[in-house]
Amino acid sequence: MKVIIGLEIHCQLNTNTKLFCGCSTDYRDDPPNTHVCPVCLGLPGALPRVNRKAVEYALRVAKALNLEVADASEFSRKNYFYPDLPKGYQITQYDRPLAERGIIEIEADDGTPKDVRITRIHMEEDPGRLVHKSGRDRAGYSLVDYNRSGIPLIEIVTEPDLRSPKEARRFLNKMRATLEYLEVFDGEREGAIRVDANISLEGHNRVECKNISSYKGVEKALTFEITRQKNQITRGHEIARETRHFNEGRGITMSSRSKEEETDYRYFPEPDLRPLHVRDWLDAITLPELPDARKVRFVEQYGISINHARTLTGDMKLANFYEEIAGDDPVLAATWVADTLLGELNYRDMKIDQVPGARFADLLALLKADAITDRAGVDVLRTMLDAHAGGGEMEMPSVIVDRLGLRKAAGDEFDDVVAKVVEAHPGAVADYHRGKGGALNFLVGQAMRETRGRADAKDLGRRIKELLDRKEA
Amino acid sequence: MAGTYHFDAEDRHNAFITRADSAAFGDGRLSGIPLAIKDNISTKGMQTTCGSRILEGYIPPYDAHVVELLRKEGAAIVGKTNLDEFGMGTTTENSGFGPTTNPHDPARVPGGSSGGSAAAVAAGMVPMALGTDTGGSIRCPAAFCGIVGLKPTYGRVSRYGLIAYSNSLEQIGPMARNAADVSTLMVILCRYDARDSTSYDRPYAHAPSGEIRGMKIGIPVEYFGEGVDPPVAECVRDAIATLEGAGAVIEECSIPSMEYALAAYYVTCTSEASSNLARFDGVRYGPAVETKRSWHDEFQEFRGEHFGREVQRRIMLGTFALSAGYYGKYYAKAQMAKENVRREFERVLKSVDVIAGPTMPTVAFRLGEKSDPLSMYLSDVLTVPANLAGVPAISVPCGRVEGMPVGLQIIGRHFEDEVVVDAAYAFEQEGSA
Amino acid sequence: MVSEREVETIAKLADIRIQKEELGEFTVQFNAILEYFDILDRVEAAGEGSADLINIFREDEVQPSLSVDDVLANAGSTEDTFIKGPRVM
Chain A
1 MKVIIGLEIH CQLNTNTKLF CGCSTDYRDD PPNTHVCPVC LGLPGALPRV NRKAVEYALR
61 VAKALNLEVA DASEFSRKNY FYPDLPKGYQ ITQYDRPLAE RGIIEIEADD GTPKDVRITR
121 IHMEEDPGRL VHKSGRDRAG YSLVDYNRSG IPLIEIVTEP DLRSPKEARR FLNKMRATLE
181 YLEVFDGERE GAIRVDANIS LEGHNRVECK NISSYKGVEK ALTFEITRQK NQITRGHEIA
241 RETRHFNEGR GITMSSRSKE EETDYRYFPE PDLRPLHVRD WLDAITLPEL PDARKVRFVE
301 QYGISINHAR TLTGDMKLAN FYEEIAGDDP VLAATWVADT LLGELNYRDM KIDQVPGARF
361 ADLLALLKAD AITDRAGVDV LRTMLDAHAG GGEMEMPSVI VDRLGLRKAA GDEFDDVVAK
421 VVEAHPGAVA DYHRGKGGAL NFLVGQAMRE TRGRADAKDL GRRIKELLDR KEA
Chain B
1001 MAGTYHFDAE DRHNAFITRA DSAAFGDGRL SGIPLAIKDN ISTKGMQTTC GSRILEGYIP
1061 PYDAHVVELL RKEGAAIVGK TNLDEFGMGT TTENSGFGPT TNPHDPARVP GGSSGGSAAA
1121 VAAGMVPMAL GTDTGGSIRC PAAFCGIVGL KPTYGRVSRY GLIAYSNSLE QIGPMARNAA
1181 DVSTLMVILC RYDARDSTSY DRPYAHAPSG EIRGMKIGIP VEYFGEGVDP PVAECVRDAI
1241 ATLEGAGAVI EECSIPSMEY ALAAYYVTCT SEASSNLARF DGVRYGPAVE TKRSWHDEFQ
1301 EFRGEHFGRE VQRRIMLGTF ALSAGYYGKY YAKAQMAKEN VRREFERVLK SVDVIAGPTM
1361 PTVAFRLGEK SDPLSMYLSD VLTVPANLAG VPAISVPCGR VEGMPVGLQI IGRHFEDEVV
1421 VDAAYAFEQE GSA
Chain C
2001 MVSEREVETI AKLADIRIQK EELGEFTVQF NAILEYFDIL DRVEAAGEGS ADLINIFRED
2061 EVQPSLSVDD VLANAGSTED TFIKGPRVM
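Listed in order, the protein sequences are those of chains A, B and C.
Per our numbering, the first sequence starts with residue 1, numbered consecutively.
Per our numbering, the second sequence starts with residue 1001, numbered consecutively.
Per our numbering, the third sequence starts with residue 2001, numbered consecutively.
Check each hint, because a few of them may be wrong.
A few chain C residues that face chain B, going by a derived Cβ cut-off under 10 Å, partial list only [stated by the list, open to error]:
hint, residue
1, 2005
2, 2013
3, 2016
4, 2024
5, 2026
6, 2035
7, 2053
8, 2058
9, 2061
10, 2074
11, 2077
With a Cα cut of at most 27 Å, we get these calculated DSS-like pairs of lysine-lysine [what the hints assert, rightly or not]:
hint, chain 1, residue 1, chain 2, residue 2
12, B, 1329, A, 78
13, A, 210, A, 114
14, A, 133, B, 1292
15, C, 2012, A, 78
Here are some chain B residues pointing at chain C (derived, C-beta under 10 Å) [claimed, not checked]:
hint, residue
16, 1177
17, 1298
18, 1339
Since the hints were made in silico from the structure, they are not lab data.
Even for Gly, the Cβ is constructed at its ideal location relative to N, Cα and C.
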């Protein structure tokens, strides 16, 4: 059954001030209602003023996604009542958005490139933040913090071109990376990206899923929804055309009974603001190298595989890190960053910008010089990261190597070990002479244990083989 | 010279909602002069209610731009004047704090919505006051109370701090006993304000001139039509004749779009108001909303209780006009009509310098006389076109009918408030000659 | 022509509770005004308005916010520095 998915993505722009007033956007560590003024508090008589930089940032995104920027666009009011909406309306863009009709390329499930059409991009303000409480007498109430009220958002709407939850996830990752490369967005900030998804199975009604606030959440919500809808159809029920809320904790979507969604928003042009004629700003916008272009360059410039390139360019900070430490063996660097470092960071919930490039480069140098085995390299890396995660200093790799005695020894001292192992396992030796391939590996494994990983497996294998072959003879 | 003004004038007309016993003042053009501010304009530290119970007790933490300007010129701000709730009305009877009465006849209304400001000036409590004009709310009370009131060109005076009723139509403007004082206030009020994105940088640096020889005055046939009381029409024609005597040239003209101007006005202002007044929910200001029930129930209850009848009616009309399926029929058409009116005024004002006619179709009504909303709306028919067009318009007293003042309305080109003031000033000079 | 029922729906959309007793008279007055608005049906656009004020912007520079005390001063009910409102659902 064909799955049809469209996304509406809300991203906070990382300007210094809010969209319509001069309050600082750096509110996350501060107490509630400390970044508020008459405008974003919705005091009577206050008037909005458009942040030029927010418009520039939105245009950058429009250009990067190949959208057509409107000659004239304007702000509109979206009218509804909710405690987190101080004016009783949100200033957004309705029938004259900033830009429409664009394309972004992603990888389809079968690995081939596919185009996802962007319907439109528009600007709007974030509402405040609601915290729900229960009172002593069991009657609940809301607590409102207006610090977030007025933060600039861009809303990116796609055509229903996505065909699976994984595709949706890849799309989001690509979007996130692009926005970071454009330096208009800080993906690390909590709540910086929020997604609404529209999903249907071909021939059936569409369901809207709201309140998804993480990339993983999108995949989970969509997977759950598809299963739910498939089950409904199998049982002979039609899918109700409705809005559902995603419950991140439970990983399910639930039917939403909120009146707010049924409301008529009575859009009309915002009379306190003037139209935007900013299409000619596009010429002055030079886009930085975007993820796709950087990926291609990495393959060409560093000679790494396309898969590694894709991984490394999928996050701007990661890409910057890689280029910093690629050094004279970029392939080695790519392997170690993409295949090992990322996994270790993930496991520890650490970020790439917590790894000093110089330290990592030192580790690579040791590996390249063949001073330690790969296995030892992993141990050293883990030690480095653990120390840092624990709040300590990240030591120099060579110091760790010496402390743990991991330096690869010159081959001769292992001759004892080789002899010992061969003597201890006559059965395996016999198997080897009989032509059983696994016997050699077994003996190498034993020898590795004896040398506590300090020897190189290939080297040991060569010595053992030599010894065995001599014996035969 | 800075000082303190002791404000002890007796308020026999309920002109004030909030008054200060004493008001500090500084240096400047208005030093020591007591001024009253209509209560829909934000004053820092002083209660601002918009004549509504839903804002009772609200103390703004900031001054409107115009208030900052007045303070800088040393004015003594002695209080906040009564108005029709949120500016919605033509008589000040829609106030949540009781009606204001007309100093010429306390059985009659002072006009609205800036009735309190007009009465305060007419009664001699203050020489000058600020009003606001969305569809005639400065000019109507000026006419009914026999004072001068000017609605500036749209965008010439900052709306920052004006509690919005209809954003695309309203302006703050001066009200005083004579055109010269109105002119003085214009010098002070017409300053660009970056905080208002609809504000123009067009300062008013003008001292009124009584020389109107050669000024071309257009008399639209629509301004003297059926709805205008014949004695009022006659009084205004006499006034225009006086101007002719002083050298002005009179010409007949026509503004056919006036036929639908009133409907366009009411669709526009109620639509914008329905949105502007959505913020009054008792959470951040005003009487406290109950937090124990669910928000939807609570907001409905709270607003039903604290908004007056007329405000509720206009919010509902606006909500309906903007609602799905009706936007094209009402709001979109009203915007077209507004543009048509603007173009027609521009066209007429190419061949004449100003337009003249009565401000109101009648003199002040008796309190309680206009109980039907639609008939109340119809009395705005002569004032709303200037708001739709955005042009400056003044009302200057020109005589009496049944003992009550009549206002002569003069309308000019965009940003020619100076010319309009001159015409009013010239008329005053002729009258006293 | 709108019915009383429709007037109630509009009131809900506007978040204003109209008392049952008032509904009848209110609807009559409402309809009279709407009928007057019908004159707009005849209006045709003479052309687009001139956009003389466009691209009005503010620079991205931080301005002082209100003090927390000022923010909370007019609120009916607060908790810590949150403003309290009715519960949602």
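The hints, checked one at a time:
no., hint, in the structure
1, 2005, "13 Å, violated"
2, 2013, "5 Å, holds"
3, 2016, "5 Å, holds"
4, 2024, "14 Å, violated"
5, 2026, "7 Å, holds"
6, 2035, "9 Å, holds"
7, 2053, "7 Å, holds"
8, 2058, "7 Å, holds"
9, 2061, "12 Å, violated"
10, 2074, "4 Å, holds"
11, 2077, "6 Å, holds"
12, 1329(B) / 78(A), "19 Å, holds"
13, 210(A) / 114(A), "26 Å, holds"
14, 133(A) / 1292(B), "11 Å, holds"
15, 2012(C) / 78(A), "16 Å, holds"
16, 1177, "34 Å, violated"
17, 1298, "4 Å, holds"
18, 1339, "5 Å, holds"
In the structure shown, a violation is registered for the earlier hints numbered 1, 4, 9 and 16, in ascending order.
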